[in-house]
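Chemist: So you can see what is in the structure, the chains are spelled out below.
Number of protein chains: 2
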Amino acid sequence: MSDFFTDEFFMKEALKEARYAFEEGEIPVGAVVTCNEQVVARAHNQTERLNDVTAHAEMLALTAAADALGSKYLKECTLYVTLEPCTMCAGAAFWTQVGRIVFGATDEKRGYSLLPNSILHPATLVKNGVLSEKSSTLLQEFFRIRRNKKA
Amino acid sequence: MSDFFTDEFFMKEALKEARYAFEEGEIPVGAVVTCNEQVVARAHNQTERLNDVTAHAEMLALTAAADALGSKYLKECTLYVTLEPCTMCAGAAFWTQVGRIVFGATDEKRGYSLLPNSILHPATLVKNGVLSEKSSTLLQEFFRIRRNKKA
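Chain order of the listed sequences is A and B. Counting along the first sequence from 1, when you hit position 141 you're at 141 in our numbering, and nothing is skipped either side. Counting along the second sequence from 1, when you hit position 122 you're at 122 in our numbering, and nothing is skipped either side.
So here's chain A without its partners, still in its complex pose (with noise of 0.2 Å):
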């Protein structure tokens, strides 16, 4: 990895992505993949706008990546997350291939590490905490903006 294109600099275009879900009233999560040093794909939670609870970043953008790279498995991918992947979305990582996961904050109820088997694929590596603060961050003021909208 050379010295520009860190995980975190990755990781601030997931940001951005979760952002664009924040500013649509979306639970705000972002992704992107990359592949080569590239980002190959990039998507935030849409989980309001297309009525479908399994449109998460994640979902979305492992899909875009297949389609944009031609190729099913993403071998020579990094996925970036602002949010650790829930069950189904690790799941989908499992059938990508995925070469490596990046996330920022750890999710405490819904995250897949919370299970006691490892649930990605064997050969995916997984880094974990990267910009956490501000992803969690913007979830926070995400959640207390919704409690004092429905209060």
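Please note that a few of the clues may not be correct.
The list treats identical chains as one, so a pair stands whether inside a single copy or across any two.
[Said to hold, decoys possible] Here are the computed lysine-lysine pairs in the DSS-like style, where the Cα-Cα straight-line distance is at most 30 Å:
(1) Lys-109 - Lys-75
(2) Lys-127 - Lys-149
(3) Lys-134 - Lys-149
(4) Lys-16 - Lys-109
(5) Lys-149 - Lys-72
(6) Lys-150 - Lys-75
(7) Lys-72 - Lys-150
(8) Lys-75 - Lys-134
(9) Lys-134 - Lys-150
(10) Lys-150 - Lys-127
(11) Lys-149 - Lys-75
(12) Lys-127 - Lys-109
(13) Lys-16 - Lys-72
(14) Lys-134 - Lys-109
(15) Lys-134 - Lys-16
(16) Lys-149 - Lys-12
(17) Lys-16 - Lys-75
(18) Lys-127 - Lys-16
(19) Lys-12 - Lys-75
(20) Lys-12 - Lys-127
(21) Lys-134 - Lys-12
Simulated from the structure, these hints should not be mistaken for laboratory data.
Let chain A serve as the given structure and place chain B on it in line with the hints.
Modeler: Quick look at chain B alone, frame taken from chain A:
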């Protein structure tokens, strides 16, 4: 449940979908989603056609059901699927809060029930083994033909 619209009745509809997949050279898994004894969505595995390893029958059927009903949650619905859902699909079912899952054959390699904790929503009821032999036979035939082609 009426005498006519049994679980076997709807599993036969899911098996029709699995046969479409078979004819298209896809791993033959089919699914339907019902609500009030009506099929509201049907799908079969399309991972090859869509070049998308996440395009499992269940993912497509759950998304189509939410779209058809205009409801993100499928609490009153039943997902019929010819093969036990994988971790990804069970994770998707969790988010939809689908009322029931009825599946045919057990997936001894990738079935969600291999995990020690249930990853389904606590309100989701499960029934398995419905017309499982028909599902297994179709899968075995698919892989037999594929092996012979490669040989």
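Chemist: Confirm or reject each hint.
Modeler: Hints, one by one, checked against the model:
{"no.": "1", "hint": "Lys-109 - Lys-75", "in the structure": "both (28 Å within a copy, 21 Å between copies)"}
{"no.": "2", "hint": "Lys-127 - Lys-149", "in the structure": "neither (35 Å within a copy, 41 Å between copies)"}
{"no.": "3", "hint": "Lys-134 - Lys-149", "in the structure": "within (23 Å within a copy, 52 Å between copies)"}
{"no.": "4", "hint": "Lys-16 - Lys-109", "in the structure": "within (24 Å within a copy, 38 Å between copies)"}
{"no.": "5", "hint": "Lys-149 - Lys-72", "in the structure": "between (42 Å within a copy, 21 Å between copies)"}
{"no.": "6", "hint": "Lys-150 - Lys-75", "in the structure": "between (44 Å within a copy, 24 Å between copies)"}
{"no.": "7", "hint": "Lys-72 - Lys-150", "in the structure": "between (42 Å within a copy, 20 Å between copies)"}
{"no.": "8", "hint": "Lys-75 - Lys-134", "in the structure": "within (28 Å within a copy, 35 Å between copies)"}
{"no.": "9", "hint": "Lys-134 - Lys-150", "in the structure": "within (25 Å within a copy, 50 Å between copies)"}
{"no.": "10", "hint": "Lys-150 - Lys-127", "in the structure": "neither (36 Å within a copy, 38 Å between copies)"}
{"no.": "11", "hint": "Lys-149 - Lys-75", "in the structure": "between (43 Å within a copy, 26 Å between copies)"}
{"no.": "12", "hint": "Lys-127 - Lys-109", "in the structure": "both (19 Å within a copy, 27 Å between copies)"}
{"no.": "13", "hint": "Lys-16 - Lys-72", "in the structure": "both (26 Å within a copy, 26 Å between copies)"}
{"no.": "14", "hint": "Lys-134 - Lys-109", "in the structure": "within (19 Å within a copy, 38 Å between copies)"}
{"no.": "15", "hint": "Lys-134 - Lys-16", "in the structure": "within (11 Å within a copy, 48 Å between copies)"}
{"no.": "16", "hint": "Lys-149 - Lys-12", "in the structure": "within (29 Å within a copy, 47 Å between copies)"}
{"no.": "17", "hint": "Lys-16 - Lys-75", "in the structure": "within (25 Å within a copy, 34 Å between copies)"}
{"no.": "18", "hint": "Lys-127 - Lys-16", "in the structure": "within (20 Å within a copy, 43 Å between copies)"}
{"no.": "19", "hint": "Lys-12 - Lys-75", "in the structure": "within (22 Å within a copy, 37 Å between copies)"}
{"no.": "20", "hint": "Lys-12 - Lys-127", "in the structure": "within (15 Å within a copy, 44 Å between copies)"}
{"no.": "21", "hint": "Lys-134 - Lys-12", "in the structure": "within (9 Å within a copy, 50 Å between copies)"}
Checked against the numbered hints above, the structure breaks hints 2, 10 and satisfies the rest.
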